[in-house]
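**Q** As you go down the protein sequences, you meet chains A and B in turn.
Position one of the first sequence corresponds to residue 160 (my numbering), numbered consecutively onward.
Position one of the second sequence corresponds to residue 13 (my numbering), numbered consecutively onward.
What the hints contain is simulated information worked out from the structure, not anything from laboratory work.
Incorrect hints may have been included.
Listed next, the stretches of chain A that the computed footprint assigns to chain B, with coverage defined by at least 3 CB atoms under 8 Å from CB atoms of chain B [stated by the list, open to error]:
1) 219-226
2) 233-242
3) 323-337
Straight-line alpha carbon distances no greater than 20 Å define the calculated SDA-like cross-link-like pairs of lysine to any residue that follow [to be verified]:
4) Lys250(A) x Ala510(B)
5) Lys265(A) x Val374(B)
6) Lys265(A) x Pro196(B)
7) Lys243(A) x Ser461(B)
8) Lys265(A) x Ile105(B)
9) Lys463(B) x Asn172(A)
10) Lys277(A) x Leu154(B)
11) Lys463(B) x Asp296(A)
12) Lys463(B) x Gly246(A)
13) Lys463(B) x Leu288(A)
14) Lys250(A) x Pro471(B)
15) Lys243(A) x Ile274(A)
16) Lys191(B) x Asn172(A)
17) Lys265(A) x Val443(B)
18) Lys463(B) x Ile274(A)
19) Lys250(A) x Arg370(B)
20) Lys243(A) x Leu447(B)
21) Lys195(B) x Ala510(B)
22) Lys168(A) x Pro196(B)
23) Lys463(B) x Ala240(A)
24) Lys265(A) x Lys195(B)
25) Lys277(A) x Lys463(B)
26) Lys195(B) x Lys250(A)
27) Lys463(B) x Met285(A)
28) Lys191(B) x Ser461(B)
29) Lys265(A) x Tyr163(B)
30) Lys265(A) x Lys191(B)
Computed list of chain A residues with no C-beta within reach of chain B, every gap over 12 Å [what the hints assert, rightly or not]:
31) Pro206
32) Glu215
33) Gly252
34) Arg258
35) Trp282
36) Pro303
37) Ala343
We put the beta carbon where it would ideally sit given N, CA and C, even for glycine.
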Amino acid sequence: MNAVDLHRKLERNSGLLIFGILLVSAIGGLVQVLPSVLQDDLVTPGPGTQPYGPVELIGRDLYIREGCSTCHSQQVRPLLAEVKRYGPYSKAGESAYDRPFLWGSKRTGPDLHRIGGKYTDLWQRMHLLDPRSVVPDSIMPGYPWLAERAADADGSIQARMRALRRLGHPYTEAEIEAAPAALAGLAEVDALVAYLQSLRPPNAEATP
Amino acid sequence: MEAVSPSPSDAPPLPKPTGGKAVAADRAAGGTAGERYHDRVASWLTAFAMAWSIIGMTAGVYVAAELVWPTIDFGREWLSYGRLRTLHTNAVIFGFGVSALMGTAFYSVQRTCHVPLFAPRLAWFCALAWQAGVLAGGISLLAGWNGGKEYAELEWPFDIAITVVWVCFAIVFFGTIAKRRIKPIYVSNWFYGGLIIVIAMLHLVNSLAIPVTLSKSYSLFAGAQDAIVQWWYGHNAVGFLLTGGFLGMLYYFLPKHAGRPIWSYRLSIVAFWAFTYSYIWAGPHHLHYNAVPEWVQSLGMVMSLVLLAPSWATLVNGVMTVAGAWEKLRTDPALKFIVLSLAFYGLATFEGPMMSIRSVNVVSHFTDWTIGHVHSGALGWNAMITFGAFYFLVPRLMGASLHSVRLANIHFWLALAGTMLYILAMWGAGVSQGLLWLSLDDIGELSFSFKDIMASMAPYYALRLVAGLIFLSGALLMAYNLAMTGKGRRTVAASPPATAAA
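Work out the full structure, taking the sequences as your base and the hints as a guide.
**A** Spelled out as structure tokens, the structure:
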């Protein structure tokens, strides 16, 4: 039986056709994606990589809310020019606590994976609220509302940390208990600045 | 040339419908007497798709303008680039694209099977629930509910709703196929079927997450694994929705409109299975030089190059089907759109594999070249073939001739000019970004600061805004033209061919 005859069977039986499509389209995923998902060392935290603290975690979720990764990547490629421009290239272990990953696909603005410590907190704050006050040519939007709202306005920080703990992030009960106090009095912009300042190579100094 | 298999609708049906429970049951119920195709749901989906195209493209033009004048969000959250751009992609892909695919699938599956839709009420539910979902989803994006994964930004309540509607879509579509009176399943239905099945698989896996609040969840996958899963989804949403789904549209409307059967049945089989098999591997080309294993990247690149073969096999099949009906291009705007869409399909499916080559990707990755590539597919291929299908479909659904052929011709030139200008602007922007970012001077230091390179993009971004406006103005002409065509009319009743009744 040649291939066309075989196909005449397939195209006369809707059940077979559905099964055929499912089978043929699944092969690539099974061979290529499934092994990667089972490969633990892709998500084993690298040396110095810690789970986000409560303030940085809220900051990261704000980064996602505002769609920052639409224009900013967090992935320094192992190319001479990129390492010179941004810093050490990105490694898989650094993203072990990133749900979702924020590597991005577009650099309308610069990569941010090594931005931590390059500018002061005050500069970052002014830049977020009104980018053109510090970079006159910038085409980044301003985010004035970040200064007006409490960082954890809906009081969900503990729920967030517990959800991540269920996924394997090693938060202790004491850390979760202490989280609301760490966020007390902070505005959204403070949390986002803290997150941006935390973006640095894992073994770099803790303070700028 | 070749033994031609079932042509879309008015092919002489097989002499006698053979066996099958559905046919037997239908005979028992008295055959096709009084049966009517359920076309109103297709009419409404056409209208919804047009509305989403205007909403989505307007959002696109606005975010393009924000890159030229960054303060025109006036400090409003919901006008902010990061949120509005997400609305733009969701409205055009899920609003415009899926509504158009659902509508044309409902229309064509009845005619290629010679039976009315299975479960027509469920079809209405699908159509309306999808609109409500995209609308509510769009509002949620503006409110800042964002899962953070590209082209899968909607948060978990919407992921569940999408799954429900999608299952209903599958029931209606495959239910109709199951009760068909024409034994062979026509090729357009393979592609629509592939769309339904593969998108379900991708969506279910990529959306796995633990909810925290109504508007926030955390992905089950982390870091590098999340990246691999996301681009398996992201690339194949493009593959099976924007390429495969629209190929289903092509395989029905092109032969129908050219009045000629598909050139090679054999080629359509080979192309379909090769496409379904190889597309799924190509996702990791979105992660070249990123922190994922080398073998995953290399495999993704090789399979992306392989993909050129089935993509162009379909292109050849399409062009050869039109060959011999070229004279219709002079008079028929709908066919013009379809043929032009084939040209852009060929361009985009050539450019994609080229950009997946690592040494090309070094330059193109993270730049506006990617945006240009997406739009040569989205404007040149997806939008154009949909426009062509709608210019053909709406007059038939409404039982009237097109309100204005002249306006449709003007639309054609606006669409072509807009798309070309868009692609050229983004090539210019993307290639210069890519090369300038990598440029080192004689002593090995960076030649240009990021800020200066970004500032040099201004003319390209202005040109892109003009291109978007031109394309949008064409779509507005079309919406007016179709609205006038259907004004005061209802969907005409159509029946399966009487000969189909045994």
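**Q** Take the hints in turn and mark each one as holding or not.
**A** Now for the hints, and whether the structure bears them out:
1. 219-226: Per the Cβ count (5), the hint holds.
2. 233-242: Held - the stretch 233-242 of chain A has 7 residues with a Cβ nearer than 8 Å to chain B, which meets the minimum of three.
3. 323-337: holds (count 3)
4. Lys250(A) x Ala510(B): violated (66 Å)
5. Lys265(A) x Val374(B): holds (13 Å)
6. Lys265(A) x Pro196(B): Not OK: Lys265(A) and Pro196(B) at ~45 Å, beyond 20 Å, violated.
7. Lys243(A) x Ser461(B): Distance of about 11 Å is within 20 Å: holds.
8. Lys265(A) x Ile105(B): Since the Cα atoms of Lys265(A) and Ile105(B) sit roughly 19 Å apart, the hinted pair holds (cutoff 20 Å).
9. Lys463(B) x Asn172(A): Violated, at about 59 Å.
10. Lys277(A) x Leu154(B): Violated - the C-alpha atoms of Leu154(B) and Lys277(A) are around 31 Å apart, more than 20 Å.
11. Lys463(B) x Asp296(A): holds (8 Å)
12. Lys463(B) x Gly246(A): holds (17 Å)
13. Lys463(B) x Leu288(A): Holds, because 19 Å separates the two Cα atoms, which is no more than 20 Å.
14. Lys250(A) x Pro471(B): The given pair, whose Cα atoms are some 36 Å apart, is violated under the 20 Å limit.
15. Lys243(A) x Ile274(A): Holds, at about 13 Å.
16. Lys191(B) x Asn172(A): holds (11 Å)
17. Lys265(A) x Val443(B): Judged against 20 Å, a Cα distance of about 13 Å means the pair holds.
18. Lys463(B) x Ile274(A): holds (15 Å)
19. Lys250(A) x Arg370(B): Holds: Lys250(A) and Arg370(B) sit about 18 Å apart, inside 20 Å.
20. Lys243(A) x Leu447(B): With a Cα-Cα distance of about 15 Å, the restraint between Lys243(A) and Leu447(B) holds, given a limit of 20 Å.
21. Lys195(B) x Ala510(B): holds (16 Å)
22. Lys168(A) x Pro196(B): With a Cα-Cα distance of about 9 Å, the restraint between Lys168(A) and Pro196(B) holds, given a limit of 20 Å.
23. Lys463(B) x Ala240(A): holds (15 Å)
24. Lys265(A) x Lys195(B): Not OK: Lys265(A) and Lys195(B) at ~48 Å, beyond 20 Å, violated.
25. Lys277(A) x Lys463(B): With Cα atoms ~15 Å apart, Lys277(A) and Lys463(B) stay inside 20 Å; holds.
26. Lys195(B) x Lys250(A): violated (54 Å)
27. Lys463(B) x Met285(A): holds (17 Å)
28. Lys191(B) x Ser461(B): At roughly 64 Å apart (the allowed maximum being 20 Å), Ser461(B) and Lys191(B) break the hint.
29. Lys265(A) x Tyr163(B): holds (14 Å)
30. Lys265(A) x Lys191(B): violated (47 Å)
31. Pro206: Non-interface label stands for Pro206(A): nearest chain B Cβ at 15 Å, farther than 12 Å.
32. Glu215: The claim holds: Glu215(A) sits with its nearest Cβ about 15 Å from chain B, beyond 12 Å.
33. Gly252: Nearest chain B Cβ is 8 Å from Gly252(A), so the label is violated.
34. Arg258: For Arg258(A), whose nearest Cβ neighbour in chain B is about 4 Å away, the distance does not exceed 12 Å, so it is violated.
35. Trp282: holds (14 Å)
36. Pro303: violated (5 Å)
37. Ala343: It holds; Ala343(A) is separated from chain B by about 20 Å at its closest Cβ, greater than 12 Å.
Checked against the numbered hints above, the structure breaks hints 4, 6, 9, 10, 14, 24, 26, 28, 30, 33, 34, 36 and satisfies the rest.
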